[in-house]
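My request is simple: use the sequences and hints to build the entire structure.
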Amino acid sequence: MRINNWALVGFVFTTLLAASCTRDRASTCVTNEECETGVCDLVTNLCIGQPGDGGADVGTAGMDGAAPDTSGGDTISSDTAGTCAVSGDCGGEKPICGGQGLCVACANDAQCLGVNAAAPFCEVASGKCVACLQSSQCGEAAPVCSSGACVACNATGVAATACNARSAAKPVCEASTGKCVECVGSGDCGAAAKPICSQNTCRACSADAECVAKVGASPGVCMAHDDGRCAAAGETIFVENVTAKCSNTNPGTAGMPICGLQEGMSAAKAGGKALVVMKGPEAVFGATYPGPGKLAVVGQGGARISSGAGIGLQVSGGDLYARGLTISGGTKQGISISSNAKLQLESSRIQNNEGGGVLVDGGTLVLTNSTISGNGPGDLAGILWGGIRLTNPTAATRLDRVSVLNNNAPGISCSGAVQGTGVLATGNSTANVSMSCGFTSCATASATCGAP
Numbered sequence: 001m002r003i004n005n006w007a008l009v010g011f012v013f014t015t016l017l018a019a020s021c022t023r024d025r026a027s028t029c030v031t032n033e034e035c036e037t038g039v040c041d042l043v044t045n046l047c048i049g050q051p052g053d054g055g056a057d058v059g060t061a062g063m064d065g066a067a068p069d070t071s072g073g074d075t076i077s078s079d080t081a082g083t084c085a086v087s088g089d090c091g092g093e094k095p096i097c098g099g100q101g102l103c104v105a106c107a108n109d110a111q112c113l114g115v116n117a118a119a120p121f122c123e124v125a126s127g128k129c130v131a132c133l134q135s136s137q138c139g140e141a142a143p144v145c146s147s148g149a150c151v152a153c154n155a156t157g158v159a160a161t162a163c164n165a166r167s168a169a170k171p172v173c174e175a176s177t178g179k180c181v182e183c184v185g186s187g188d189c190g191a192a193a194k195p196i197c198s199q200n201t202c203r204a205c206s207a208d209a210e211c212v213a214k215v216g217a218s219p220g221v222c223m224a225h226d227d228g229r230c231a232a233a234g235e236t237i238f239v240e241n242v243t244a245k246c247s248n249t250n251p252g253t254a255g256m257p258i259c260g261l262q263e264g265m266s267a268a269k270a271g272g273k274a275l276v277v278m279k280g281p282e283a284v285f286g287a288t289y290p291g292p293g294k295l296a297v298v299g300q301g302g303a304r305i306s307s308g309a310g311i312g313l314q315v316s317g318g319d320l321y322a323r324g325l326t327i328s329g330g331t332k333q334g335i336s337i338s339s340n341a342k343l344q345l346e347s348s349r350i351q352n353n354e355g356g357g358v359l360v361d362g363g364t365l366v367l368t369n370s371t372i373s374g375n376g377p378g379d380l381a382g383i384l385w386g387g388i389r390l391t392n393p394t395a396a397t398r399l400d401r402v403s404v405l406n407n408n409a410p411g412i413s414c415s416g417a418v419q420g421t422g423v424l425a426t427g428n429s430t431a432n433v434s435m436s437c438g439f440t441s442c443a444t445a446s447a448t449c450g451a452p
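Everything in the sequence shown is counted per this note's numbering, starting at 1 for the first residue and increasing by one.
It should be emphasised that the hints constitute simulated quantities derived from the structure, not laboratory data.
The hints are all genuine.
No more than 27 Å apart at the CA atoms, straight line, and that leaves these computed lysine-lysine pairs for DSSO-like: (1) K214 to K294; (2) K342 to K332; (3) K294 to K269; (4) K342 to K273; (5) K273 to K194; (6) K94 to K128; (7) K332 to K294; (8) K332 to K269; (9) K342 to K294; (10) K194 to K294; (11) K194 to K214; (12) K273 to K294; (13) K170 to K194; (14) K269 to K342; (15) K170 to K214; (16) K273 to K214; (17) K194 to K269; (18) K273 to K245; (19) K245 to K269.
What follows is a list of derived Cβ distance ranges for each label pair: (20) T448 to A192: 32 to 38 Å; (21) V242 to A191: 32 to 38 Å; (22) S167 to S147: 18 to 24 Å; (23) G438 to A165: 58 to 64 Å; (24) S446 to A117: 55 to 61 Å; (25) S316 to T448: 31 to 37 Å; (26) G272 to A149: 52 to 58 Å.
C-beta: ideal position from N, C-alpha, C; glycine also.
Have a look at this one:
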């Protein structure tokens, strides 16, 4: 058979054309110039960045290994795993697109931040981009870094000490939320001036019951008037007038109390103690606090001062805080405060003292939540008074939520104006509040008028 040469040429050309339309052939290379497009990968000796070359197909987004882009004529080619055009084509332990078109491990945080804002840190040991390397890089909602991810503090595998390691300010894991917090109970609060846990935050105490719950009933006193700590037994002198167990030579512990208030206050000052706890119901004689410095007297169990022929509580110097006391039945004043002395008295009753209730003569009185009743008449240089007499008080003197009732002379008399808020004065024999005091009585006992 005779073969037509021109027919044979046509057949070969047609065959080659069909082949080129069905598959892009990878080009081998040793330099970039040998590639029609893209660059030469010196590891595989393939041209990267052209159809069918094992790199990213034109128009194809995503990682290597994706289906080929047939819009450019490719039919069977696919990207070879581990090659890339941009870092978005990579992932896992080789998240960065290297200069040779290969996916490589990260080397620094800047590389990762440029790839994925949610995983901005480079874990060099593994080469992966991760959300965190340490817990300080995590937010409050998921505060602990575990295996490169920010998780809740109660997540599986997280150490119980993870919150403490993250921040000493919030060292405790709150199980219900998985957040790190300052405290979940008062036992977590170690700072003396912030002993109570409230809403996952440590704060100063505000009531004795909080301190009893935390450290017990001995002494069970909240020093809210001072720095908000729960008083310790070591800073306390106990006074309890029970013959079977008290002695004025005792050390003043709860089990070996001192009998008298005067002796207890003196022992506290001599021993550098901050607190005298006076327990009832047996009454003690009156006492004088001469200062200097501060001292607190807190009554428990119906503590009473029955001074007889003396003054119930006299403050002649220093700064005395007292609460929870009943001072009654004396022939002189229930309380007397001299010049340059200060008394802060709360939640107490001053009643039935023949020489008058509370006398301030040049000192400072801060009186709150207390009742002054049935006292007087007292006589101060010809001035009769019953419940409260304020002579030349300091500007810091104030009365707040006080009931002055049924005293046998003016309820409240003053040499000049003082601060008075929520003061209920009624039933006193000649006047309730002298005009010179600068305030008037509120009308009816309520949550804001008179003592609770």
